[in-house]
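The listed protein sequences correspond, in order, to chains P and H.
Under the numbering used here, the very last position in the first sequence is 82; numbers go up by exactly one each time.
Under the numbering used here, the very last position in the second sequence is 692; numbers go up by exactly one each time.
Be careful, since some hints might not be right.
Unchecked claim - Calculated pairs, DSSO-like style, for lysine-lysine (alpha carbon to alpha carbon, straight line, at most 27 Å):
no.: 1; chain 1: H; residue 1: K133; chain 2: H; residue 2: K167
no.: 2; chain 1: P; residue 1: K64; chain 2: H; residue 2: K386
no.: 3; chain 1: H; residue 1: K263; chain 2: H; residue 2: K480
no.: 4; chain 1: H; residue 1: K43; chain 2: H; residue 2: K4
no.: 5; chain 1: P; residue 1: K64; chain 2: H; residue 2: K136
no.: 6; chain 1: H; residue 1: K4; chain 2: H; residue 2: K167
no.: 7; chain 1: H; residue 1: K168; chain 2: H; residue 2: K386
no.: 8; chain 1: H; residue 1: K478; chain 2: H; residue 2: K635
no.: 9; chain 1: H; residue 1: K133; chain 2: H; residue 2: K149
no.: 10; chain 1: P; residue 1: K64; chain 2: H; residue 2: K480
no.: 11; chain 1: H; residue 1: K478; chain 2: H; residue 2: K386
no.: 12; chain 1: P; residue 1: K64; chain 2: H; residue 2: K688
no.: 13; chain 1: H; residue 1: K477; chain 2: H; residue 2: K517
no.: 14; chain 1: H; residue 1: K4; chain 2: H; residue 2: K48
no.: 15; chain 1: P; residue 1: K8; chain 2: H; residue 2: K386
no.: 16; chain 1: H; residue 1: K216; chain 2: H; residue 2: K263
no.: 17; chain 1: H; residue 1: K149; chain 2: H; residue 2: K4
no.: 18; chain 1: H; residue 1: K43; chain 2: H; residue 2: K149
no.: 19; chain 1: H; residue 1: K51; chain 2: H; residue 2: K4
no.: 20; chain 1: H; residue 1: K263; chain 2: P; residue 2: K77
no.: 21; chain 1: H; residue 1: K477; chain 2: P; residue 2: K64
What the hints assert, rightly or not - Simulated restraints on C-beta separations:
no.: 22; chain 1: P; residue 1: L47; chain 2: H; residue 2: K136; range: 46 to 56 Å
no.: 23; chain 1: P; residue 1: G22; chain 2: H; residue 2: I501; range: 38 to 48 Å
no.: 24; chain 1: H; residue 1: H173; chain 2: P; residue 2: K77; range: 36 to 46 Å
no.: 25; chain 1: H; residue 1: R124; chain 2: P; residue 2: K77; range: 24 to 34 Å
no.: 26; chain 1: H; residue 1: A449; chain 2: P; residue 2: G22; range: 25 to 35 Å
Derived by calculation from the structure, the hints in this document are not laboratory data.
Being a predicted model, the structure only gives us computed values, none of them experimental.
The beta-carbon is built from N, C-alpha and C at its ideal position, and this holds for glycine as well.
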Amino acid sequence: MQTLNQCKPGESVRVTRVNGEGAMRRRIMDMGITRGTELRVRRTAPLGDPMELFLRGYALSLRKSDAETVSVLPLPKKKGTR
Amino acid sequence: MEEKTLRIALAGNPNSGKTTLFNVLTGSNQFVGNWPGVTVEKKEGHLKGHKGVVVLDLPGIYSLSPYSPEEVIARGYLADERPDVILNVVDGTNIERNLYLTTQLQDLGIPLVVAINLMDAVERHGDSIDTEKLAKLLGCPVVCVSALKSTGIDEAVTTALLAAEQKKYMPRHIFSGLLEHTLAHIEEYALHDYPEEIQRYYAIKLFERDAPMREKLALPPERLAHIEEDITKAEAELDDSSEGAVISERYAFVERVVGACCKRTSGKRVSATDRIDSILTNRFLALPIFAALMFLVYYISVTTLGAFLTGWMRDTLFGAWLLPGARRILEGWHFASAAVSMLVDGALSGVASVLGFVPQLCVLFILLAFLEACGYMSRIAFMLDKLFRRFGLSGKSFIPILVGTGCGVPGILASRTIENESDRRMTIITTTFIPCGAKLPIIALIAGALFGGAWWVAPSAYFIGIAAILLSGIALKKTKAFSGQAAPFVMELPPYRLPTIINLLRSVWERVWSFIKKAGTVILLASLIIWLLSNLGFAGGRFTFVPVSKSLLARFGALLAVLFRPLGWGAWEPVVAALAGIVAKESIVSTLSVLTGGSGPFTPLSGFSFLLFNLLCVPCVAAIAAIRREMRSAKWTAFAIVYQCALAYAVALCVYQFGIWIAGDAFTLGTAAALLVAGFMLFMVVRKVGAR
Chain P
1 MQTLNQCKPG
11 ESVRVTRVNG
21 EGAMRRRIMD
31 MGITRGTELR
41 VRRTAPLGDP
51 MELFLRGYAL
61 SLRKSDAETV
71 SVLPLPKKKG
81 TR
Chain H
1 MEEKTLRIAL
11 AGNPNSGKTT
21 LFNVLTGSNQ
31 FVGNWPGVTV
41 EKKEGHLKGH
51 KGVVVLDLPG
61 IYSLSPYSPE
71 EVIARGYLAD
81 ERPDVILNVV
91 DGTNIERNLY
101 LTTQLQDLGI
111 PLVVAINLMD
121 AVERHGDSID
131 TEKLAKLLGC
141 PVVCVSALKS
151 TGIDEAVTTA
161 LLAAEQKKYM
171 PRHIFSGLLE
181 HTLAHIEEYA
191 LHDYPEEIQR
201 YYAIKLFERD
211 APMREKLALP
221 PERLAHIEED
231 ITKAEAELDD
241 SSEGAVISER
251 YAFVERVVGA
261 CCKRTSGKRV
271 SATDRIDSIL
281 TNRFLALPIF
291 AALMFLVYYI
301 SVTTLGAFLT
311 GWMRDTLFGA
321 WLLPGARRIL
331 EGWHFASAAV
341 SMLVDGALSG
351 VASVLGFVPQ
361 LCVLFILLAF
371 LEACGYMSRI
381 AFMLDKLFRR
391 FGLSGKSFIP
401 ILVGTGCGVP
411 GILASRTIEN
421 ESDRRMTIIT
431 TTFIPCGAKL
441 PIIALIAGAL
451 FGGAWWVAPS
461 AYFIGIAAIL
471 LSGIALKKTK
481 AFSGQAAPFV
491 MELPPYRLPT
501 IINLLRSVWE
511 RVWSFIKKAG
521 TVILLASLII
531 WLLSNLGFAG
541 GRFTFVPVSK
551 SLLARFGALL
561 AVLFRPLGWG
571 AWEPVVAALA
581 GIVAKESIVS
591 TLSVLTGGSG
601 PFTPLSGFSF
611 LLFNLLCVPC
621 VAAIAAIRRE
631 MRSAKWTAFA
641 IVYQCALAYA
651 VALCVYQFGI
661 WIAGDAFTLG
671 TAAALLVAGF
681 MLFMVVRKVG
691 AR
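Starting from the given sequences, assemble the full structure and let the hints guide the process.
Quick look at the structure:
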């Protein structure tokens, strides 16, 4: 199973499960990362972490260690940004 | 009968434009930045043109979860104080995540009006939102506003006032059958004694196993156990935790609503923000651009334009015209010479020495406000997170520090966006290590008078400030008190927006005005008192005017001076000046100028030690009050103060003692103490702690 932190910039994925618990999981899900959500990895920060995601029409920054709790399924490449 | 006030609460996501709307509604002057979390506590104002209506600006929130302090403040206010109506500000360009909060606000059972902001931006992107359909699907009135251009405001107000008359609002059922069934069961079983409109909110929070709600309702254990059975059963069927299932179903509802009401074409092309970010947060260019920008900000405000304006104010406007002019006028009126001296050398010079820095601050504040308002601030946090984490802080710690270069008070308040409690405490303690606007005069004074305006003095002050923050981060993180649980670093990167001139000027005015007010009040008074104490004393058994060196102040300062002798400035004048700095850092310079008519009795080394001590030491009373408010604990406030003073003393001691030792002085007790202190600090930074 692939997790979000392993995704490369430009990759689009669908969320299959958000693991973790408590405040961590709640915050990640509150921001819109829920089961079935499609999102794209836009880029990683200059020092390699955190990553910038694009989902539900907005940009979100997430640390790789937190992204590790999100299981994803890669989507076939689409043209354009979304 | 007394007229009852009606309360409209503004709620919404961070950065959705609530504060801009608040300013329009109340005609007030709150600064608006373009980074999430500008408003960190609730603000109140009267609705313009409507008597007896109060508007509340709540901090921006993403959710009504029990975890972050803003969310606790906002939901505590909404659920317990129950405003008459909630005006939910929704960013039209980011509608899905904004409506997610709307679904939670609806559960509270308070009349709700959705105000879609930034509609002009939505249309500019070629998108559209069918507001009539949206109102029908959400089951509450929807209006369009542009907070920036003040359009749609009257309609929003009328709609909100009309909705408030309904008194209550029955939440809609938006979840799947299974979840709704479980919630209904909890309501029926445990909540039927509560008002009908609040039952759903309570039931959802119980279902989510929300700790504050459990505590508040204080249900008997057997009831809780029964509810727990329901929850576990639902969780098994939903294949998710109860909390997660509620969130997922809310988003599923929002997706259905958005799919039916909104047409989006903008997702198909690369946005301007993405293009700008591909340069500004580019892997290779980002850090050089950032460094260049920071250098430019300080080059313009501290070295060139700001220094030129400030020099002119101090030397020409005050030094050559106003002060001699005032003296001539007073003498012309035949004032006693003591009175003339008190007013001119005491009060006026004190105030002038501080006001002279106003142009410099204006330049600095306008540049900082631009960075805040355009959206670059969040990118800085994004870029520097990995670096700061290495020092036990978070990328978000940089925002308080950067704001703190203007003034420590908003800097400390800005720390509230940091979720992790121990990161937040650490940021509050260390933010004021960075020189604030009021400390610039000290730096300028020491650099100018003792180092001939050497270029490296000002940058070294910032460098030492940053080093103090980072090394404190490492050392404190290794102590038990700061080894807290990890919290996620989740941060929105808002689209870039060009700030409006009026908003920039508003921010600069607000901050500069508070500086000027301080000069006219606290510093005027402090200068007068210090002049009096430094001119009065006992001589020949009488209380009378005496030379400064025999004054009350000199005696008091001399008592304390012995403590500061190891730092190289054990004379009474600098000691008194440092004490005056606790009132306001600006008065360090004004006190030195009143007491010595210049920069004080320093050698370059002792002057540098004095500078370092004052940079790192406990901030002014206003900032201490902010620390107290943010820590929400007397114990932690005391820790912050003690830590700051101890570090300031230790650093100044080491610099001075090593300085004179290297310069060829003998190895003394002071050198030994400094070695010991330096060794201890080094140990705290490099020691290894076992895995936790």
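Hint check:
1. K133(H) to K167(H): Since the Cα atoms of K133(H) and K167(H) sit roughly 24 Å apart, the hinted pair holds (cutoff 27 Å).
2. K64(P) to K386(H): holds (10 Å)
3. K263(H) to K480(H): This hinted pair is violated, its Cα atoms lying about 53 Å apart.
4. K43(H) to K4(H): holds (20 Å)
5. K64(P) to K136(H): violated (40 Å)
6. K4(H) to K167(H): holds (14 Å)
7. K168(H) to K386(H): violated (47 Å)
8. K478(H) to K635(H): Roughly 19 Å between the alpha carbons, so the hint for K478(H) and K635(H) holds.
9. K133(H) to K149(H): Distance of about 25 Å is within 27 Å: holds.
10. K64(P) to K480(H): holds (26 Å)
11. K478(H) to K386(H): Holds: K478(H) and K386(H) sit about 18 Å apart, inside 27 Å.
12. K64(P) to K688(H): It holds: about 25 Å lies between the C-alpha atoms, which stays within 27 Å.
13. K477(H) to K517(H): The given pair, whose Cα atoms are some 39 Å apart, is violated under the 27 Å limit.
14. K4(H) to K48(H): holds (17 Å)
15. K8(P) to K386(H): holds (18 Å)
16. K216(H) to K263(H): It is violated: about 43 Å lies between the C-alpha atoms, which goes past 27 Å.
17. K149(H) to K4(H): violated (31 Å)
18. K43(H) to K149(H): Holds, at about 22 Å.
19. K51(H) to K4(H): holds (10 Å)
20. K263(H) to K77(P): holds (23 Å)
21. K477(H) to K64(P): Satisfied, since the Cα-Cα distance of roughly 21 Å is no more than 27 Å.
22. L47(P) to K136(H): 46 to 56 Å: Distance hint for L47(P), K136(H) holds at roughly 48 Å.
23. G22(P) to I501(H): 38 to 48 Å: Given range 38 to 48 Å: holds, Cβ gap about 45 Å.
24. H173(H) to K77(P): 36 to 46 Å: This hint holds: roughly 40 Å between Cβ atoms.
25. R124(H) to K77(P): 24 to 34 Å: Holds - the Cβ-Cβ distance for R124(H) and K77(P), about 29 Å, lies within 24 to 34 Å.
26. A449(H) to G22(P): 25 to 35 Å: Violated: the Cβ-Cβ distance is about 56 Å, outside 25 to 35 Å.
The structure is inconsistent with the numbered hints 3, 5, 7, 13, 16, 17 and 26, although it conforms to all the rest.
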